[in-house]
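Trainee: Residue strings, one per chain:
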Amino acid sequence: MSFSEFRVAARLAIEAESSLPTTRGTVRRIVLAVEAEGRQELVTASLVDGKLLLVASDGRLDGPHVQVARAALAGLEVEAAPRVDSASASTSSPGTTSPGRLSMPPPAEQVPPRAQALLDLVTAIVRLGVHDAAGAPAVVEALGRLAKEAGPSPAVGVSRFIGRIKLALAREDVTASARLLDGASRLSRDLTEPGASEEARRRVAAFFGGPGAFAADPLIDRTFFEIGRESVAGVERFSIERRYLMDLADGQVYAEAQLRGGVAASLGPSPRLLSAGLSQVGRGVTPPAIQLLQYVVSGALSQERLLSLNGFAVRRFSDLVENYRVALSSAPGLSEPVVLIAPHRFGGEHGVTPMDTEGLPLALASIEAPGVVSALAEPARRGVVSLVSGRLIDHEGTLMLLPLGALVEREGELSWWRLR
Amino acid sequence: MHAEGLNRLRRCLIEGVSHSSDGVDVRAELRISPDAADRDVARSLVQILDAVEVASLDLAVERGHDRRRTEETAPVATADSSFLGRLGGGGDDGIGVDEVRDVGTLVAVLRAGHLRQRRAALQRLAEQLGKAGRVAPAAVKEAEAALEATRDVELAYERTLVHAKMPGAPGRAARAEADQWRRLVDRLLPRVRAFWDGEVREEPVAELPGEERALLLLRAPELPDEFISHLGAVIEGSAGNVGAEERLAVLSSLRHSADARLVASLVWTLEVGTPELAVEAARTLCRVDDPRVRSVLLAAYERSVVDPQRAVLAGALASTGDHRGLDYVKGLLGSDDPATLLAALEAMETLGTAEDCERVTSFLGDANPTIVAQTVRTLARMGDKRALPMLAELGRDATVSSLRAEVEDAISAIQARRVLLGEDIHSTMAMPLPEPVADPPLLRIPALKRFRAYYLYFVGRGWISIGGFRRGVARLEQAAAARADWTAPLLSIAMACTRRQRYAQALSVFRRAIDIGRRRVERNPVVLRALAQTFLERSEELEAEGRREVARGLVNEALSLDLRRAPSALRFELERRRRTLRRSLP
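Chains as they are written, first to last, in this note's numbering: chain A, 187 to 606; chain B, 344 to 929.
With the rest of the complex left out, here is chain A (with noise of 0.2 angstroms):
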């Protein structure tokens, strides 16, 4: 149905009446639902001082749905059919557009679904600012299609991100959001590409879950200490629940996630040891997913063990941020690497500041986890504390750590201490 058809459609439907309406009223707006690049937008129509003023939903003034707009307003027919909802009228898409009769921009390529939810994102939160996106409905409205896209049962990764970025904007935190948004701008183009790279499918599969997540080989028989707990904000809050991993015959740290609730995520205590027959591990973001199997639980941690995760502690804090860039330059909004330190000495301030063989600093993320930090503070200057794990956040160019465990000596006996 072409636009010109809704007035045929409305004269015969007063002829069908037989008599003019005797209501008087005059039109102070219209509101268009237009279909153009593959997605719809409102766009309404006024008049100011006999201007017409065309403002679409997306926030634009100039966009092809406004343009179809005032196409379709001036009379300039556009060939295909166009939809109609209950609420208002909508014209076809521009891709469908008669040169002859209408100038429209080229037909934009088809952007898949996904793709065009994180793009709105980014496009809203960007218009708004950070300042005032948090709960502001265009927002709220993008996060809702990007859940609406994810599935009924979203993955980790993307309730995650979700979660990530509403206390980016309730803190109105810029360099979080910039990373964020980089990240959905990155995956939509992942996903829009034809040709993408291994990498970038990895990440899209990191993102929304789903076959690809896994790598094809999986890991036998390997031996995990899991060196830290936590649950952190997804869709909802504290809505992901995650242990990180490591890998006592190389040092790689795992995540092992789930949503609250689920039973996808190995059972047992923290700390403790799992004898892993078979585990799937993901790839693309960092700490890579880790799936387990086949496994056998153990709550008793040997001294020898416990000693043995000094090999793998990061001595120099300069790596950290090495490794830290890399990992962020990857999957950006995706990584949230976690690690292991064995600082040289605590120092700093407050005296709890890990410091490592060159005496530089890795700061402590007091704001996420104050009572953490405090609690660290008693045995670190008493020197009993040896190794550290934590996750690594920054804020506004610092590394810092948000402490998950440590390594204490009490009584000349070494014991984990799960600090979260």
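Since the hints were made in silico from the structure, they are not lab data.
There could be a bad hint or two in this list.
[Stated by the list, open to error] To spell it out: a stretch of chain B is covered by chain A in this simulated footprint if at least three of its residues, at any positions, have a beta carbon under 8 angstroms from a beta carbon of chain A; those stretches are:
id, region
1, 748 to 760
2, 887 to 898
[What the hints assert, rightly or not] Quick partial rundown of chain A residues pointing at chain B, CB under 8 angstroms, derived from the structure:
id, residue
3, Asp318
4, Ser417
5, Tyr510
6, Ala561
Bear in mind that the values here come from a model prediction, so they are computed numbers and not experimental data.
Backbone N, C-alpha and C fix where the C-beta goes; we use that ideal spot for every residue, glycine too.
With chain A fixed as given, assemble chain B onto it according to the hints.
Mentor: For chain B alone, kept in the frame of chain A given last:
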């Protein structure tokens, strides 16, 4: 791109490209086409800003710590300049408990202080006892008497530690309890390992009888790390087929354990657990002296919206010295909902001040006995002497032994507080409770009859001691019939039944003994132990049969007695079961 340009882009992201205030042409800054769509602007902007941020990342070399301004608000404390208000506090005005030398003062703190002060006072008293040679004998005696009189379940673990170092019967009992606990741990640890190996299906702690679980977990600070990790997994829900009810049972048994190794698991439960689990986790957390506690309780309090839960969280937060929930909880005292009111009164234990005494005292006349009992506990902790006349009146009229016991403890706590405030103890003790109605004296019966009763009693006990249970019971019944007002034969039968785990039979005989001489039963710690164990075990049997209402009735009946002389583990478990059964019934 130079720094100014980057700052402008940053401002664009902060303020939004659609209404950038200072006329920044974001497209020009990004060097993209003036016709570029917002979408492309957004992509370029975030890409550049992120790339620059990542490239400029570094360690905090300059200051070495988190440069962000702390968002954590300072605790909202109530101004209490009294001795008790400053005891254990930091700062110039603070008085350390270890500075207190006077035994009488320590005893008063033990009765009137808040939990941390009472713990510290108990430790200090133990130190005083250790210096028996250097402290006046009278003071040592006073300390020993105070320890003996301390029956607070919250201090059960610390009291046992102190007792274990003492000579005499209390020391022997404490050491025997420690041995029993060690045997229990030795028995359970292999089962815990077998559970994780998949050899045992049932979780070993959850399936323990209540009394043993209470005994095990009251001494949690002594448990090995491996056991604590296991308990953490159970309460977090990471132990497989352990249901929510069993998790709650283990969590509530941990209430007084105060072990910092469990903080992470408790925080996890507070954050992701069901409301019931979260509230129980808060109650346990607030008893742990750990810097992580306050911030998580504060966050939970701030995000909670359901009144009873928020009230409990406000009270828990106050235990850490933050009284910000006071006005909110005071507002809940007008609630018609018994659960909300109960939670508010519980919170007032730590939040309440002298100003609130009148309002709280008004609940002493409530028709709901649970609310009355909670009010008495709250007044005890608030320590305002204006409550004394009302408490004394309530105690005089109390027909239920447990309520009378609560009132006695509350009056003692308030009086102790007045002593610490420097008031004359005699003026505060002007209203002692009258002695409870004593059991009627034994009837005078002919000597021959009396002799026969004694004879049957000893023969009956002899039969039982050599394994002739049926004959022994028959003789003891004859002895009881010979002297109808004599509880001893009945108590012997009941205890013999308890030892043989014939709880239903023991129950009826205990009831007969209570009818004849309640005070005699309540004053005998050995009998009281068997009685509490019988009621507890029988209620568990009934619950297992699905007769929860009857089980709840039994627990309530036991808790209506004055159980202060019963072991802490049993009292704690009975209280815990009452809460559990109350929750589980419609």
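Trainee: Decide, hint by hint, whether the structure agrees.
Mentor: Hint by hint, here is what the structure shows:
1. 748 to 760: violated (count 0)
2. 887 to 898: Result for this restraint: violated, n = 0.
3. Asp318: This hint holds: Asp318 (chain A) lies near chain B, its Cβ roughly 6 angstroms from the closest one there, short of 8 angstroms.
4. Ser417: 5 angstroms, holds
5. Tyr510: 7 angstroms, holds
6. Ala561: Cβ of Ala561 (chain A) sits 5 angstroms from chain B, so the hint holds.
In this structure, the hints that do not hold are numbers 1 and 2, in rising order.
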